[in-house]
Amino acid sequence: MLDIKSLCFSVSDADGIEGGSLRTIVDRFSFTFEKGKFYAITGPNGSGKTTLAKLIMGINPVTSGKIFFEGKDITELSITDRARGGISYSFQQPARFKGLTFRDLLAMASGTDDETKLLALIRRVGICSLSFLDKPVDSKLSGGEIKKIELATTIARNPKLAIYDEPDTGIDLWTIGPMVTLLKKEKDDHRTTTIVVSHNRAFLEAADIILLLNQGKLAYVGNLKDALPLLTDLSICNYRVCGSEDDVGCFR
Amino acid sequence: MLDALDKNLLRTVADLEGIPKGAYNIRKNGKLLAREVSANINIESNPEGTGIVVTIKPGTVNESVHIPVILSQAGLYDVVYNHFIIGEGSDVTIIAGCGIHCGGVEPEGHAGIHEFHVGRKAKVTYVEKHFATGPGRGRRTLNPTTKVLLAEGAQAEMELTQMGGVDEANRTNEASLGPGSVLLITERVMTDRDQTAVSRNDIILSGENSRANMISRSVMKGNSKQTFYATIDALAKCFGHIECDAIIIDNGTNETIPALKARHPDAELTHEASIGKIASDQLTKLMSLGLTYDEAVNRIIQGFLK
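Protein sequences appear in the order of chains A and B. For the first sequence, our numbering begins at 1 and goes up steadily by one. For the second sequence, our numbering begins at 253 and goes up steadily by one.
If we strip away everything but chain B, and leave its shape as in the complex, we get (with noise of 0.2 angstroms):
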């Protein structure tokens, strides 16, 4: 059923070696290759037949969904919508993830809708990987959105990474918290090449006592190039950071633009933002340890996207 391409790719963007334990649900090509419900997490088709729907019974602690997409099929643009429904008190992980081989010369792609709504006092923590790798030039495109919306003391954790490989990213993150609720969004994304992304981020504090973290860590090899968008919006009493770095090396580029909205007179909200090459005074000091200057320029590099 999974041919050792599908393994590679399901290996990198959702640490699996074949098929998972417990809830899954794998999509190749725009199609569904394998299923697996729950008795707490149920899986189905939308109405539309255009994606999934998740849903998790209030009260399910501990237990992880796998909903990989894996493309290998040239000229194929693959859309999904899914929806993740968190039950009231539940503590689950979903992990999501695209993998696309490209082998030929037409483009590939895929753009995946993921929506949540976390119940009351939930906690979710979701990873999503993208990865392309394949030896075909067709160029390979992901645009994922996020949709958070979290209840009165809800909790959600994101990490969302593209690894490499893709040559156009469109990533579009949007939240919406409730009081007393925690948004931690950590973006990894590195490029090389030719390649662009582009990450927007519009997160609303709407509920008193809530609070965000938007982390982004880019790194721009070859001449590729990256570009941040962050709004932190405001309505209450709350706490918002956006913390972004970027990485150049050799002559990416890149441009960040944090936004701060306070809208309410107790709002607490700050940035950091920088852009630059690796500091010396890091490679200097790895480099007294033993390292080549390649070697630290890359283990300064995983540690910051780890």
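Same shape as in the complex, but just chain A (with noise of 0.2 angstroms):
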């Protein structure tokens, strides 16, 4: 159903030593992704996952490749009609808004502001409160209760696809586990496909196709037990020796 073909992006590399060289954070990036599916996408920092998430919502924009999504190109399409085709996405640190509300929000995902509906929907989403929807999204908010507003107004969509960055940051250790049961109840229910960029073992456990990304470029495709031997090695520093061995410290 999605169907990203040699995906590209790169930066100008401000502070390379060759001032104004690219930087290609996405190299390369091929694969199919099957309607109704699983898929964690996980790396090392810096290993393009968030920057190819943003590719396929067209918030970055590509630099080559292309992106079809149920057979069609969108490669040039905004990130509106993307949205409006199908296509729903969490963002790593959602926006802070002065004046709306999870109400606000909630009834702009949904299309509707029926209060029956919209408590029907954080139901449906069962880790806000039913008290949340008149809190206002701005920055008295704490970090997990703006995810989980997050969350909430990704599913609200409806999506063919939805995509989370780091579903977790900020979640408490007792949110995860409902957490990942919503995501595969989402994805049985209504047969969403689901893509979630997560280090956190919860969420690759819960899919069904582990891909792992490093340096740009899909480095595995397939189930955990087989991707774990990798991410352990990839965990390690991977910090590149410049100059001379004494200069260099490992800040893990």
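It should be emphasised that the hints constitute simulated quantities derived from the structure, not laboratory data. There's no promise every hint is true.
Unchecked claim - Cross-link-like lysine to any residue pairs, in silico, SDA-like; alpha carbons within 20 angstroms at most:
id, chain 1, residue 1, chain 2, residue 2
1, A, Lys160, A, Arg191
2, B, Lys375, B, Glu315
3, A, Lys35, A, Lys187
4, A, Lys140, B, Lys558
5, B, Lys283, B, Leu257
6, B, Lys558, A, Leu133
7, B, Lys273, B, Asp343
8, B, Lys529, B, Ile467
9, B, Lys473, B, Asp497
10, A, Lys98, B, Glu411
11, B, Lys558, A, Asp138
12, B, Lys381, B, Arg452
13, A, Lys98, B, Ser532
14, B, Lys309, B, Ser297
15, A, Lys140, B, Ile530
16, B, Lys558, A, Arg96
17, B, Lys399, B, Gly303
18, B, Lys558, A, Ala107
19, B, Lys558, B, Asp444
20, A, Lys98, B, Ala525
21, B, Lys381, A, Gly99
22, A, Lys140, B, Glu495
23, A, Lys98, B, Ser526
24, A, Lys217, A, Arg23
25, A, Lys98, B, Thr522
26, A, Lys98, B, Thr536
27, A, Lys135, B, Leu557
Put the two chains together into one complex; each comes in its own frame, and the hints tell you how they fit.
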């Protein structure tokens, strides 16, 4: 249902030795995501996971390559058109607004401001309390609360494809389990193709297929068991030495 | 008595469909159009004939007064001095507003000077909306002034809104707070084209444990310009906060000058200010919910000025 062909994303690297040279964040990524499956994209920090997710949503413009969604080329489509086409996105760091409440966002996401329907949506999502509805989505919300709201607005879209960028950031330990269960249930009930960008083992275990990114390239596709040795390998310090060994410090 | 134009202006500035219930005073083109008093709320013209005195009996609760002003006569500049005496322990809402309909090339304007004396433990909610419309090119000016004197334990909540169409506005808000009194001012101003708006706010926290919160939300569209001054002067153990946010759309400009003066060692004063375009993460989020770019901008502004 989502077919990605040789996708590249580069930025000009102002800090490079030759100022203005190109740095490739996503490097010739090709993959076909199938309808109703649960995918986890993982990999070390800076491996291009979030960038790849943003390319699919149209938040970043692609440098080269193609994205097909349900057989249609969406590479040049706007965020709005992709959203209307059935792709929904949960941000790692959700936006905060002065003057908009959870109710406002949920109404925009679901296309209705009917109280009964909004409450039904909150019940379906489960992890937000009903009293959240009139909370302003501003800087006073805790990191965990805003992530729950973000997840709810993503699900409220009834998407064909849902992308969650690190949905567990700031979420308490007791909520991660229910969150995983929720995403699986959404996948099963609505055949939502689900992509979760995460380091969290709970999501990796829930996934049908693991995609491992390293330095912008797809390094592995398969089950978690076979991915584990690679994950261990990649999770060691991946800083490269520049200059003398004496200047190098590991800050992990 | 009210024509279609009047009704439209009234609806916009005072949420009124025709003549309101309860006490009211409607002023049209510098003259009294209609007035009604109630058992607890008296309205009379001041001795100079330049405005009204609204007196609310002590202990009056859950009552409201509407005092809209409408202007549709070209070349008129209407100045009113209104006094509000709010009796001890009362809890009332006052809805003011000025609607200008400008049909010609001559300028029209209004200056409303509103002075509030809020008695001990009384609570007043004051809602003021300004709006100008009409096909005429005459300059529309609005210069509202509010002065608030809060006695011990009094509370005032002021919502001051300028919705659009006003070419020039000079707004002044002054307040003096007695012991344990609370003041919340929320000012929302939207300007467009070549309009200018200046807002000056001087809040004096003179009583112990008084609290003031001044919130300003500005939106500048077109080439419009807004300037916001706010000073909190603390003379006692008290709490004061200024929050001013300005969103620039198109080529609007803004100057924001908050000032805090702690003249007592136990004064706690804070301010936060921001000026800028709409944050891109906000636009991206709403677009990811299916809104177009323009819809997202409108929705964010609408919420911001709500």
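Going down the list of hints, with the structure as the test:
{"no.": "1", "hint": "Lys160(A) <-> Arg191(A)", "result": "7 angstroms, holds"}
{"no.": "2", "hint": "Lys375(B) <-> Glu315(B)", "result": "11 angstroms, holds"}
{"no.": "3", "hint": "Lys35(A) <-> Lys187(A)", "result": "10 angstroms, holds"}
{"no.": "4", "hint": "Lys140(A) <-> Lys558(B)", "result": "18 angstroms, holds"}
{"no.": "5", "hint": "Lys283(B) <-> Leu257(B)", "result": "17 angstroms, holds"}
{"no.": "6", "hint": "Lys558(B) <-> Leu133(A)", "result": "17 angstroms, holds"}
{"no.": "7", "hint": "Lys273(B) <-> Asp343(B)", "result": "17 angstroms, holds"}
{"no.": "8", "hint": "Lys529(B) <-> Ile467(B)", "result": "19 angstroms, holds"}
{"no.": "9", "hint": "Lys473(B) <-> Asp497(B)", "result": "15 angstroms, holds"}
{"no.": "10", "hint": "Lys98(A) <-> Glu411(B)", "result": "17 angstroms, holds"}
{"no.": "11", "hint": "Lys558(B) <-> Asp138(A)", "result": "14 angstroms, holds"}
{"no.": "12", "hint": "Lys381(B) <-> Arg452(B)", "result": "17 angstroms, holds"}
{"no.": "13", "hint": "Lys98(A) <-> Ser532(B)", "result": "14 angstroms, holds"}
{"no.": "14", "hint": "Lys309(B) <-> Ser297(B)", "result": "17 angstroms, holds"}
{"no.": "15", "hint": "Lys140(A) <-> Ile530(B)", "result": "19 angstroms, holds"}
{"no.": "16", "hint": "Lys558(B) <-> Arg96(A)", "result": "16 angstroms, holds"}
{"no.": "17", "hint": "Lys399(B) <-> Gly303(B)", "result": "15 angstroms, holds"}
{"no.": "18", "hint": "Lys558(B) <-> Ala107(A)", "result": "16 angstroms, holds"}
{"no.": "19", "hint": "Lys558(B) <-> Asp444(B)", "result": "18 angstroms, holds"}
{"no.": "20", "hint": "Lys98(A) <-> Ala525(B)", "result": "13 angstroms, holds"}
{"no.": "21", "hint": "Lys381(B) <-> Gly99(A)", "result": "19 angstroms, holds"}
{"no.": "22", "hint": "Lys140(A) <-> Glu495(B)", "result": "14 angstroms, holds"}
{"no.": "23", "hint": "Lys98(A) <-> Ser526(B)", "result": "12 angstroms, holds"}
{"no.": "24", "hint": "Lys217(A) <-> Arg23(A)", "result": "13 angstroms, holds"}
{"no.": "25", "hint": "Lys98(A) <-> Thr522(B)", "result": "18 angstroms, holds"}
{"no.": "26", "hint": "Lys98(A) <-> Thr536(B)", "result": "15 angstroms, holds"}
{"no.": "27", "hint": "Lys135(A) <-> Leu557(B)", "result": "17 angstroms, holds"}
Checked against the numbered hints listed earlier, the structure breaks none of them; every hint is satisfied.
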